[in-house]
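*Asks:* Input sequences plus hints: build the corresponding full structure.
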Amino acid sequence: DTAVSQTPKYLVTQMGNDKSIKCEQNLGHDTMYWYKQDSKKFLKIMFSYNNKELIINETVPNRFSPKSPDKAHLNLHINSLELGDSAVYFCASSPRAPETQYFGPGTRLLVL
Amino acid sequence: GDSVTQMEGPVTLSEEAFLTINCTYTATGYPSLFWYVQYPGEGLQLLLKATKADDKGSNKGFEATYRKETTSFHLEKGSVQVSDSAVYFCALSEPAGGTSYGKLTFGQGTILTVHP
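Here the protein sequences line up with chains A and B, keeping their order.
The opening residue of the first sequence carries number 1 in my numbering; numbering runs sequentially from there.
The opening residue of the second sequence carries number 1001 in my numbering; numbering runs sequentially from there.
Bear in mind the hints are in silico, worked out from the structure with no lab data behind them.
Careful, some of the hints might be misleading.
Straight-line distance between alpha carbons at most 30 Å, and here's what the computed BS3-like set of lysine-lysine pairs gives [to be verified]:
1. Lys1052(B) x Lys36(A)
2. Lys71(A) x Lys41(A)
3. Lys44(A) x Lys1060(B)
4. Lys22(A) x Lys67(A)
*Replies:* Okay, here's the thing in structure tokens:
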């Protein structure tokens, strides 16, 4: 019954590694988002997809690449992880922009 | 660009105290305004929202009124409980047709701790 789910919940990895975070929503929504929350709790949009099409791409390093295989999934792949990538990453979805967004539980990434 | 400013935290209150968390915004159009709440170790949940001027959003005893003249959306609750301890985020989203495609612009968050 989970509306927006993310895997994994925790991710601890070494600098330089490549990792992926997966997001799935079972709400039938058209739009999905990735947000980053830093250590001071500040939240900032990274990407947004609408019906598998990229519509928002904020100033994010090229090491971050979103992929949407279908409208229920939006994955985030990160290459060459750096210490500064340590954060909580939240996936969200909405029926269509700009309606209410529903957030996943977050993925806590720690880069050592 | 759009921005949201919340009152500095953290805020510490005793149970049954009155709560106000101030939020002001800057936007080019007529945004929708939201309050989200993040309980410890969890994701964000929508607390309430308002989509046009003078609308009042309310939920679980919390209220906020969309004030266009003062560009504000302050969160209030008459009597807080220990279970209200969380981080509260004010956010805005531009209306449909804008170039922001519904992205949420968040304030910096306010940590609320309520003691018994």
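*Asks:* Give a verdict on every hint.
*Replies:* Now for the hints, and whether the structure bears them out:
no., hint, verdict
1, Lys1052(B) x Lys36(A), "holds (28 Å)"
2, Lys71(A) x Lys41(A), "holds (28 Å)"
3, Lys44(A) x Lys1060(B), "holds (27 Å)"
4, Lys22(A) x Lys67(A), "holds (10 Å)"
Hint check: no violations occur; every hint is consistent with the structure.
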